[in-house]
Every structure is written in C-alpha cells, then in structure tokens.
Amino acid sequence: MSAPSTQAAPKTPAGAGTTTTRSYADSSRPLALRLLLTRDAAVLGLLAAVVAYALVMVPNFDSQLTIYFLVLDIAPILLIALPMTLVIVTGEIDLSVASIVAVTSVLFGVLTREGAPIALAAVLAVVAGALAGAVNGLLVTRLGLPSLAVTIGTLALYRGVAVGLLGTTAITDWPETWTDAVTATFGESQIPVIVVPLAVAAVLFGLLLHFTSFGRGLFAIGLSSESARFSGVDVERTKLLAFVLTGLVSGIAGVYFTLRYGSSRGDNATGMELQVIAAVLLGGVSIFGGRGAIPGVLGGVLLIGVIGSALRLDGQSANVIQIVTGVLLVASVVSAALLGWLSRRVRRRPPTAAEAAPPAVPTAGGM
Amino acid sequence: MPSPTAPALRLHEVSKSFGSVVALRSGSLSVDAGSIHALVGENGAGKSTLVKIIAGLYRRDGGVVEFQGQAVDFRSTAEAKAAGIAVIYQEPTLFPDLSVTENLFMGRQPTSRWGRIDRRAMRAEAERLFARLGVDVDPDRPADGLSIADQQIIEIAKALSLDARVLVMDEPTAALSGNEVDRLMTVARTLRDSGCAVVFISHRFDEVFALCDTITVMRDGSYVSTDAVADVTVEEIVRRLVGREVTDLYPKQDAEIGEVLLEVTGLTQPGLFTDIDLTVRAGEIVGLAGLVGAGRSEVAQAVFGVDEYAAGEVRLGGERVPPRDPVRAMDLGLALVPEDRRRHGLVLDAPISRNITLATRGRLSRGGLLTSRRENATAKEWAARLEVKAAAMDTLAGTLSGGNQQKVVLAKWLSTAPKVLIIDEPTRGIDVGTKAEVHRLLSSLAAEGMGILMISSELPEVLGMADRVVVLCEGRKTAELSRADATPESVMTAATAAGQEKAS
Amino acid sequence: MTTLAPEPTSPAPQGRKPSSGRGSSRLATVLKARETGILLALIAFLAVTTAINPRFVFSTDGFRDLFLTPSILVVLAVGQAMVIITRNVDLSVGSILGLTAYLAGRLFLDTGLPILVVVLLAILAGAVLGLVNGLLVAFARVPALVITLGTLYVYRGIYLQWAGSDRINASDIPDGLLSFGTSSLLGIPRLAIVSFVVLAIAAYWMRTSRGGRELYAIGSDPAAATLYGLKDKQRILTAFAASGALAGLAGILYVSRYGTISSGVGFGIELEAVGAAVIGGVAIFGGSGTVVGAAIGAYLLTSIDRGLPILGIPDFWQRAVVGLLILGAIVLDKVLAERQHKKLLAERHRS
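Here the protein sequences line up with chains L, B and V, keeping their order. The opening position of the first sequence corresponds to residue 0 in numbering that gives the first Met the number 0, with each subsequent residue numbered one higher. The opening position of the second sequence corresponds to residue 0 in numbering that gives the first Met the number 0, with each subsequent residue numbered one higher. The opening position of the third sequence corresponds to residue 0 in numbering that gives the first Met the number 0, with each subsequent residue numbered one higher.
A couple of the hints might just be wrong.
[As the list claims (entries may be wrong)] With a straight-line cut-off of 30 Å between C-alpha atoms, the simulated DSSO-like cross-links for lysine-lysine are:
1) V:Lys232 to B:Lys80
2) B:Lys251 to B:Lys418
3) B:Lys418 to B:Lys388
4) B:Lys251 to B:Lys388
5) V:Lys342 to B:Lys80
Hint data in this document are derived by calculation from the structure and do not stem from the laboratory.
Same shape as in the complex, but just chain L:
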C-alpha cells in the first residue's frame, strides 16, 4: 500500500533475528462490526425476525408440538448440510446426497429383512454411505473430474441402485423400540431427544471447519487450490475426506430417515439434495468456495424449517413453502452480489481482476 518505491530504499536490516519493531492490530475493524456485518449475522437475524413474527401472528406456532415436528423434519437436512458445507467451501459440490440417503435406507432395510441384526445393518448402511462418498471423492480427486458432473452421475447411479434393489416395494416392518427411539422426547415435554446428537454434530463440524488445521486447508483450497497445494495442503486428501464425510453423514441420515418414517424405500428423500444445498447457500456459504460458516448454515437450515412450519400452521400448502424457499435462495445470492457491487461503487476501487485485463494487477499502488 506504500506510495511508489524508491524512497523506501535503504532500510534497517530485515534479518530473521531482528528485534520486533512493527506492531499490528488483529483486525482493521472493531469486533462488533466484524460479527454483525456478516452473512451469518444476516441469516440469524432474519431467522429471529421470522420466529418473532410467527410467534405473534401464527396460531399454535409457540406450541411444543411445532418444535417436535420441526426438529424431526429438518434433522436429515441439518445433518447433511454440515459436511456439505465442507464440500462447498472447497469449491466442490455433492448432488448425490439424497440418493445416498435412499440407497443406505434400502440397504438398511434389505439387510434387516435378510436377518441381519438391526444394529449391524445400521452400521453397514453407514459404512456404505461413506463408501458412496468415497467413490464421489475419488472420481473428483484422482481423475480430476468436475464434481457437478460426477455427482449428477452418482445421483442417478445411487438412486438407481436403491430403486433397483427394492423396485416399488417398501420394507415397513421395523421394531418399535427402534422407531420409537428416533422420535422419543425428553420426559413429558415434546422436545425430541435427537436434538442432542444434532447439536453434538453441529458443534463437531463447527470445530472441524473453524478450529482445526484441516478446516484451514478447506478454506485455502476453496480460495486458491494451487496456493494451498504449494503450501503443504494435501488438496486431494482433504477433498476426498470432505466427500467421505458427506457420504457417511448421508448414510446416518438414511438410517434416521428409515426409522423416522418406518419405511425403507427406493424413492426416500427424493429431491432432498436441492433442499440441503439451498439451506447451505442460504446460510451464506459461497458457491465459489472459500467462504462460509457453520452458524450461518444452521441458520439457513432452521430458516427454511421455521418458514415451512409457520406457513403450514398458517394453513398454507407445501407449494407456497417451495416458492418461499426458492425466492429466499435467489434473494440471498442476488443480495450478496448486489451488496458487493454497492460496496465497490462506494469505495470506487479500480476494476477488479475479473473486469480488468488478465495481467492487470489492480492492487492499489503496486503496479
């Protein structure tokens, strides 16, 4: 940022042993601004506003039953949104998650029907989910294929295997101890017990993304995969792991889905991949990679869930919920683009790299 060069010429020796002279602030902006002027804050604020509005205006929204169904319904989306965030932060995408839910659900059902102990069947289904994720990851990392195309392919493949295994039949014979366990509540309240594992998962993924060296690698890959590679980030392994985690969690969601609805079917969770991705993007994760945070994603999932249940309680059909979800998704990305454009306008910076000629180096001052 310094004015042109030469006056800065002879300097004190900058050897590795020199005493520290310069000091730096952690940030150029105050903490409050940094926390408030984020996409996460915007989503969480919007969520709070919607909840407040619904509590006042929507009859029965404040009942415990609302929370019960809200949690049970969004659980699979929330679960899958967590690892999906990791994948999208690296700049990739996984469209096959709902198909993994279906194929693991079917596998869970078929194994149980064939006499496997139900716990073993569940574990095997989850392992199968992780394997399905590994197939995605290997195709993307080893062969260098675009994840969008790969997972459109595996979306069809995994769904096809699920439908192929069971056809149009369903396995609905599930022991009540298991189905009840999934929908159990705390004592007399209507708060489902599964909020605990959900919260644990959210915390774990939050730590993984924001407080580990693995998480730093994810962000670096999303922003500049080449620089990450040159800095000792194992790009292939990191991406592969993100895909495996997504598959594994989708497998858990598959088992949950089966027990929650007491049904193992090939068409379970159809279209859920888009709901998951909508929630993640709504939560402020950049589709270009490198930007995003778990709190925002939780906000995105809850926002879609809350709007859904509020509209339902208000007597609206599921179709309106779809429209609102779509509008929110478009609005969230368009507003991000609009804000970026506005702030560029205000600061009147030189054109960004995309607008300027390729060799243009538009850092202020440094020609």
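Place chains B and V on chain L using the hints.
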C-alpha cells in the same frame, strides 16, 4: 482530421490515482508512426497504469491523450480498439476450446447472407495474416496448448487485421525463450515497416537496444526522459531508472559453508528436465541460472514435491524426500517460495495471518484445535521480523503491494524453520527498496546456516548473491561454476550451450 | 540490469507446409468427433437389443417409439446444451415444462383459443421464465446453478399452487393436438419431426452464426469474452431464453403426447437433460460440445430406458445404468481431453 505530421500517439502529463494511492503522477509519451518506442521503468514506475489508460481500461484523472493529433478519451477497451489501438499483454487471453482462426475473428467474423459466417473467407484471411507476419501457426488447431509466444502472435495478427495504428506490447518477452524473442522482434520490425507505431515495454536492455528507435524512461510515476536509442548507453538509462547509482545492491555476507543439506541426483522428467544433479550445503547460496523455459522452476517444484518426476532422487540431510509429497518435504525441512506469487504463493483472498500460518497450521494446533489467537500471534511476529507493511492481520493478502506480498510468502516459509529454502525469482515484480531487503535477508539467512537454492533470471542477482552457480539449458545441467568463475559470459555461454549445439 | 538472452539466431521457418488433402481430413474429423462415438454406442445398443428382440425396432410400435419417446428429452437437451456451452446450467427446465404444460391445459380448458395460439403462448411463457433466469444470472453475476435451483422451486411451487388438486385430463385437450402427438408423417412420428426441426435449427445457428460462436467463446473463457468486447450478457440471456422456450415447447409436446397433466409433470427431468448433454459430449464447464451430441445423448438415455428389460435387466435399474453412462461419459471426455492436450503440447515441443 488526423494530421500526417502529428505523432501517432501522444500522452502529456497524464495522471491517475486509486483512492489515496497515486499510481501515475505525470506520464508523458510521444510515439511516431513507423517507429518502435521503448518504455522502461522499474516495477511500480507507472508503466502498466499508463498502458491501461491507453488501452481504455482505466480513465485518466488529468492530462492529455492525443491519437493521431486528435484529443481522445477512451471509456472502454472497445473504444480504444475501434480507434486503432491494440495492446498485447504478457499473457494473452484466448478461448482455449476454439480454433486459432475463430480466436482471431471472434465477435467480428466475416458473414455472408443471413448472418452466416463465411468460414472459408475467415480461414483464408487468417492464413494471409500469418504469412504477412512471417510466422507458422496452424489456423485450424485449437488455442489450447499454444505457447505464450504463439498466443502473442495471434494477438498481434488480430491487431493487424483490425488495422491497428498503435500497438503496445506490455513486457511481451518476459516469458519467451530466445528463439521466440527473435521471432517477436522480427514481427515488431515488420509492423514498424508497415507504418505502425509500436510501444515496447521490457526490462531487458539488450532487446530494447537491439529493437527500438527511441526510449522513454519513467520513474516513480513520472516521466524522466526520451532519447534516440543511439544517443544513450545502458548505464545511463539504468542510472535514470533507479534515480541513483546502483551500488551495494547485493550485500553478500561471508558465511561458513557446512555439510551437504540438499542432494538431488539424476532428477528426470521427460520433456522438462533430464538427469539433474544438485547439492546445496549449509550456509551456501546456490544460484540456479538459465533462460526462461530451461526447466529451472520445474526442477524446483519437482524437488519440493508439488510436481512429479520420473526418475532420480532427492535427499535432505541424508533422508530421502519422497516424490509428490510436499507435506513430507516440509516436515524434513524444505521450503519453496514459488515464482508465481499470485497463483502459487498466496491465497490472495485470505488475510495476511492465515497466509503466514498456512504452512505451519498443523504445528500451531494444540490438541488438534487451532485458534485465530495463536495464528495471529505467530503471524504478527513474522510480519514484524520481515517488516510487512500492513495495518492489521486481517488485511487481505491480495491488497498488498508486490514487495509486501513477497514478504508474506517469505514469512510463511521462514516460520516453518526450513533447513533449505528454495526461492524462485526472489525479487520479480517488487520495488527496488524491498529488493535490497530481500537480498539482505537471504544473505543473513545463509549466514545463520540455512542452505538456499535461488532461481533468478536476473544475471546480476545470480552473480551478486550466489556462492555457486548451476546453469541449466533446455532441461540439462550445462555448467556448475564457483563464485569466482561465474561471470556474465561464462553463465551465458552455458545457458545457451545446448541450443547452439543443436543449431550447428 | 542485463538479463539472460541468447544470441539472435535465424528467424523461425517461414511459410506453411502444404496442407494435406482436405477431403480426407474432413472425414477424419467426422470420425474423430465425440458425437460419432456416442452415435456408435447408440447404434450398438440398438443392434444388441434388436438382435435379442427384433420387435424393439422392427415393429410398428417399436419403430414409432424409437423416435417418439425421446422427442421431449431431445428438445430439452438441445436447450440445456446451449446453456451449458456458455458455462452455465439450467436446472429449472423441468419446472418450466410442468408450468407451461399446465398453462396450455388451462388455456384449452378456460378459453377457446386456437391450438396454434396456445402453443405460441406456452413457448412464449417458457421464454419469459427462461429470461428471468438469464437476467438473474447475467446481471447478478451469480452462478446459474444456484439461480436455477431457486427458480426450480419457485416455478414448481407456482405450478402446484395454481393447479392445486386439479388435474387436466386428455378429454380437456383438443383432439387436434392429441392426434398430432400420436400420428406420423411418412412413418416418422410428428413429435419426432418437431424435435428434428428444433435440433436442425439450433445446430445450424450454433455453428454458423456469430451469436452461436459467441456462446462457445463465453463458455470457453468468460473473462476473455468480456475482454473481446462480446455482448456476453445478451448472449447468456439468449441461451437461457432459448432453453426456457424449448422447455415451453417440451411442455406442449408433453400435452400432445400424454394428454393428462398431473402434479408430477417434468419432475426430475432437468437432471436427465443435463445428463443427456453430458453423455453427448457437452463439457460441463462450457466451451465445447454440440447440440447434436446432446440430442444423441437423449436418444441413448431413452433407448436404454426402453431397452433394459429386453436385455434381461429389470427396468428398475434404469437410473443406475443412466448414472453409469454419465460417469463413463465424463471419464471418457477427461481421458480424450488429456490425450489431446498432451498431443498439442508434444507438437509444440517438437517444433
């Protein structure tokens, strides 16, 4: 009315600022038709800003721009192009999937009835253009895989077909090999003889003096001088460029040379480099010299493990460094400051702190967890040691000047406490002051016992800094010279050796 | 500031070698084209299934279905290919198809408009919906994947909300349109002829017009397209409007073929359209591929759908086979692209 006597392009006291930063104070340039005009200046002197104003990419804040005697104010690249100004950038942008011919005519294809593109006419015109330039490029092949030199030729052919009167070449030769430079110079002369005004920007004075008729010097965003090339010497130009005598640019400290740290034997990757042997000892700076394209960066990247190699071995402190495993190479004590800072060195959109700690993020974790607090503490320490000029640790690396960016990259790698530092073009694109700082730093690192392998295209840098010089030519080692034996002539001979053998 | 530069040597060789026989190179180009490969795969599949059960092709129904069944997907795949070539994607086509099909049904039911007017209105409605996508993508600089995922929800939601529990039956549709959907001209189903005409126009435009070539340029390198001063926004709008209009046409074809319009119309077909384009060699990141390839991809997808039971594979497995095909296609494309890239690099090193 364009007047016949007016210069083809004249800029007078043109200025441009970005916020509080003045990029161009007072730029002046007057280029005649039928001549090649050199524009020289250090990085940061304002040449690129001047070019972007000419190209219509930036709008000037003040001053005069005249094109063929008429005052002009281009608001877009399209306007400048339409007027007859073409800019050839160092790395042209082409459409990789499309054929060379389509690239030439995209957006203005000749059409016959009903807007149908006349492919035959288009191809014939492409062949005619290449024949006029005296170059051999297949008009039907896709642009993908073309060398930078060929890409530039295509840009020039495009300019020719647009009937450009002024052609600006912005450091076109920086990434070209010897033969390619010669071809480009031939093409530039062809253009001049056909009446074009050519502006040629280059850091290589041998080219400037061989090619150009007139030379304009810029310094610190301002015009310094314009002379006929015949009237000035290289020394005089360098003096004006730097604004002071060039002395003590290379503060080489004497260091005690210790045991062998890095040992490379028989490193081979077909098509890139063959049978490379290298050693770097503690306290030693080894210069890796050669022409651009000789395979120097490729060797460095293979040694560090970001690129593959087919045969050979790399050892560090006696331990084998496995191929294609930069993480292991780092753990063993190897570091690589890459040539392309913006693509390989930095995560431009990430804060300074995260950039500095990216390579040490594993070591900074405690119980598997990593906090911004720890990162900031480490980053601050290293930023201070290297005197990175920035207010806060969350400043994005991409907003820093070239010199400060290089310091951030250095901070990242020095914080890993490497035994051997490989540094590729340590001072490319950074200002004179920082350049000296970097040289002093390398020198003192070596004095402390680090082994340094330095790749540089600047001969004075190599000769001034290195204890030993290894020269590559077309992927082969052609010489290994001690500091005493390394002279411009001996290095040059070795760097061009293989080429001459081939030619004879 | 001396830098390393060699002594000037003689300039590069001048002039061009005489190009080898043009006709043979053109034949070679056709044979090497990605579309030829996928066409051969289609023919091989048809040959095997027909060998097992000749009725698959050589029967009145079989022959008709061979052309009739893919026609809707062909129309969608052509539009999708145009969008993907610009390095975008249109996930909303299934929803547009459903919405325009229902719109057409309502118009027949509620107004006495002539068939042709309704057809044009449906196509127009599709174009407008596509234009909305295009405007959002081109001006907000937001990835099309996200935008069209959003409009997928919005359009489908509007359709379902509007339709409610209503359902339009064949009896509500004019006989003229229904008979058009089931009749043939010279043995070729009329719907298939419509899809051929669409394909021919699109292929011709993509190959021979500036607009078409600019779609390729934009997809090949969007930044370069801006630098060249191409009207990139306008072109992207065109591509999305075309995709929307073709989805509208597909909606009409659907009404004409099936007559009944229930809530599931067009559900999930967007991924089949993308799959067809990818199988047909359209690179998912733009810049290469052709609408003809995408159309052949659509034929392959639908033929496999119909042919699996003949090969002894229950048709439940159809989607799995489709998935494998898509994966196979992108792996193949990657291998071919890498080989091509290596070849070009090698040529450069030789010279």
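Going through the hints against the structure:
In summary, the hint linking Lys232 of chain V to Lys80 of chain B is supported, as the alpha carbons are separated by about 20 Å, within the 30 Å threshold. Distance check on the hinted pair: Lys251 of chain B and Lys418 of chain B sit about 19 Å apart at the alpha-carbon level, within 30 Å; holds. With a C-alpha separation of about 27 Å, the suggested pairing of Lys418 of chain B with Lys388 of chain B holds against the 30 Å cut-off. Restraint check: the Cα-Cα separation between Lys251 of chain B and Lys388 of chain B comes to about 25 Å, which is no more than 30 Å; the hinted pair holds.
For the given pair, Lys342 of chain V sits about 35 Å from Lys80 of chain B by alpha-carbon distance, which is inconsistent with the 30 Å threshold.
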